[in-house]
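Hey, can you work out the whole structure from these sequences and the hints?
These protein sequence lines are chains A and B, in that order.
The end of the first sequence is residue 533 by the numbering used here, with every number in the run present.
The end of the second sequence is residue 911 by the numbering used here, with every number in the run present.
Honestly, the hints are just simulated from the structure, not real lab data.
These figures come from a predicted structure and were not determined experimentally.
Ideal placement from N, C-alpha and C gives every residue a C-beta, glycine not left out.
Label pairs and their in silico Cβ distance ranges:
| no. | chain 1 | residue 1 | chain 2 | residue 2 | range |
| --- | --- | --- | --- | --- | --- |
| 1 | B | N857 | A | P431 | 38 to 46 Å |
| 2 | B | I815 | A | S457 | 24 to 32 Å |
| 3 | B | D853 | A | K531 | 37 to 45 Å |
| 4 | A | P364 | B | E868 | 45 to 53 Å |
| 5 | A | T530 | B | E868 | 50 to 58 Å |
| 6 | B | T849 | A | C427 | 25 to 33 Å |
| 7 | B | T828 | A | K363 | 42 to 50 Å |
| 8 | A | C427 | B | L811 | 42 to 50 Å |
| 9 | A | R440 | B | R832 | 16 to 24 Å |
| 10 | B | L860 | A | D512 | 50 to 58 Å |
| 11 | A | G277 | B | T849 | 28 to 36 Å |
| 12 | B | R832 | A | K489 | 31 to 39 Å |
| 13 | A | F524 | B | K817 | 12 to 20 Å |
| 14 | B | E873 | A | R440 | 47 to 55 Å |
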Amino acid sequence: MAKTNRTILICSGKGGVGKTTLTANLGIALANSGASTAVLDADFGLRNLDLLLGLENRIIYTAQDVLDNNCRLDQALVRHKQEPNLALLPAGDPRMLDWMKPDDMKKISNLLSEKFDYVLIDCPAGVEDGFKNALAASKEAIVVTNPELSAVRDADRVVGILNTCDIDPIQLVINRVRPTMMANQEMLSVEDVTSILSLPLLGIVLEDEQVIISTNRGEPLTLSGKKSPASKCYSNISQRIRGEDVPVIDPNKESKSLKDKFLKLMQTKIF
Amino acid sequence: MTLRDLINKLLGRETASANTARERLQLVLAHDRVDMSSLSTDLLDKMRNEILNVVAKYVEIDFDEVAVSLETEDRMTALVANLPIKRTISGEIKFKNIEKTNK
Numbered sequence: 263m264a265k266t267n268r269t270i271l272i273c274s275g276k277g278g279v280g281k282t283t284l285t286a287n288l289g290i291a292l293a294n295s296g297a298s299t300a301v302l303d304a305d306f307g308l309r310n311l312d313l314l315l316g317l318e319n320r321i322i323y324t325a326q327d328v329l330d331n332n333c334r335l336d337q338a339l340v341r342h343k344q345e346p347n348l349a350l351l352p353a354g355d356p357r358m359l360d361w362m363k364p365d366d367m368k369k370i371s372n373l374l375s376e377k378f379d380y381v382l383i384d385c386p387a388g389v390e391d392g393f394k395n396a397l398a399a400s401k402e403a404i405v406v407t408n409p410e411l412s413a414v415r416d417a418d419r420v421v422g423i424l425n426t427c428d429i430d431p432i433q434l435v436i437n438r439v440r441p442t443m444m445a446n447q448e449m450l451s452v453e454d455v456t457s458i459l460s461l462p463l464l465g466i467v468l469e470d471e472q473v474i475i476s477t478n479r480g481e482p483l484t485l486s487g488k489k490s491p492a493s494k495c496y497s498n499i500s501q502r503i504r505g506e507d508v509p510v511i512d513p514n515k516e517s518k519s520l521k522d523k524f525l526k527l528m529q530t531k532i533f
Numbered sequence: 809m810t811l812r813d814l815i816n817k818l819l820g821r822e823t824a825s826a827n828t829a830r831e832r833l834q835l836v837l838a839h840d841r842v843d844m845s846s847l848s849t850d851l852l853d854k855m856r857n858e859i860l861n862v863v864a865k866y867v868e869i870d871f872d873e874v875a876v877s878l879e880t881e882d883r884m885t886a887l888v889a890n891l892p893i894k895r896t897i898s899g900e901i902k903f904k905n906i907e908k909t910n911k
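Here it is in structure tokens:
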């Protein structure tokens with residue numbers, strides 16, 4: 263089988279919208295489908311990807327050591343025990359922020375893309391140097407946002423920057439979707455966010471308590487195979503990344519109670 | 809307008825917050841996107857004067873009616889210049905010219 267060889271940037275602008283959680287879950291889901299996958303923590307200031315994957319105790323070397331020639335790439339990569347197709351390249355310490363240049367990122371990401379089908383880069387929040395370094399090696403990007411004003415606004419800034427860096431395609435993931443609030447029109451709808459940002463929608467992720475529980479355990483939802491709402495959404499997104507022709511999960515269909523149906527009726531456009 | 813909006817209006821209730829959010833977001837983004845096109849008011853003024861000077865070489869412009877602005881829609885920013893012409897240098901013909909340049 264031909265190697266896929268895709269480097270995908272996962273970014274959001276605003277912090278706390280779910281970049282790292284998405285990276286961890288997509289990493290596991292893609293690896294689970296048989297593709298060799300690497301996740302690179304490009305958030306040198308506040309690294310967390312290791313925690314979400316439950317790999318924090320197995321880190322010996324980091325991306326910094328690879329760049330300094332203190333070790334080989336193989337030595338720095340942390341293989342996931344339950345999902346051996348997935349490897350994490352941990353971020354170095356925050357001092358790296360001072361000297362890291364876009365060329366360093368290109369070097370690391372070239373090393374990774376020689377070995378892996380998918381390289382997912384978990385971006386730092388913000389639109390400053392850390393973000394600009396992180397995007398240097400990517401040809402495509404996933405922008406994560408929440409259906410909230412500040413998150414969408416920050417996502418728009420990020421899209422503006424990505425557009426000037428020849429990154430294409432840029433696809434959208436809307437995280438923490440609450441179908442009932444959307445039906446109530448007390449939350450920006452999926453259509454609102456998609457049309458305001460004018461990006462193609464890669465997928466949505468439903469609000470789900472299981473995300474917090476799985477983070478506590480350091481076992482991404484897609485790993486356990488449990489059928490929770492968010493887990494289904496992550497799998498749906500990974501299928502769509504691999505080019506499978508599956509429809510985006512529709513939040514309207516996820517709220518099935520009679521009250522929700524009534525609320526949906528109230529949304530009918532009359533003029 | 810949705811069925812819900814209509815009922816809210818009839819009952820004199822506030823509109824749903826998602827509508828408010830959408831409107832506020834659209835406004836703030838229109839502003840952000842112009843900022844990002846990195847043309848400050850000073851630069852825009854300078855450019856406006858240079859454009860006017862060039863056009864004024866060939867035709868007589870009604871300076872009081874001149875309007876030059878940046879308009880942003882769906883991430884595309886356009887420079888829109890409306891330069892009403894009083895007469896050409898050679899003739900007395902009265903006409904109105906709208907010049908559009910895509911950025």
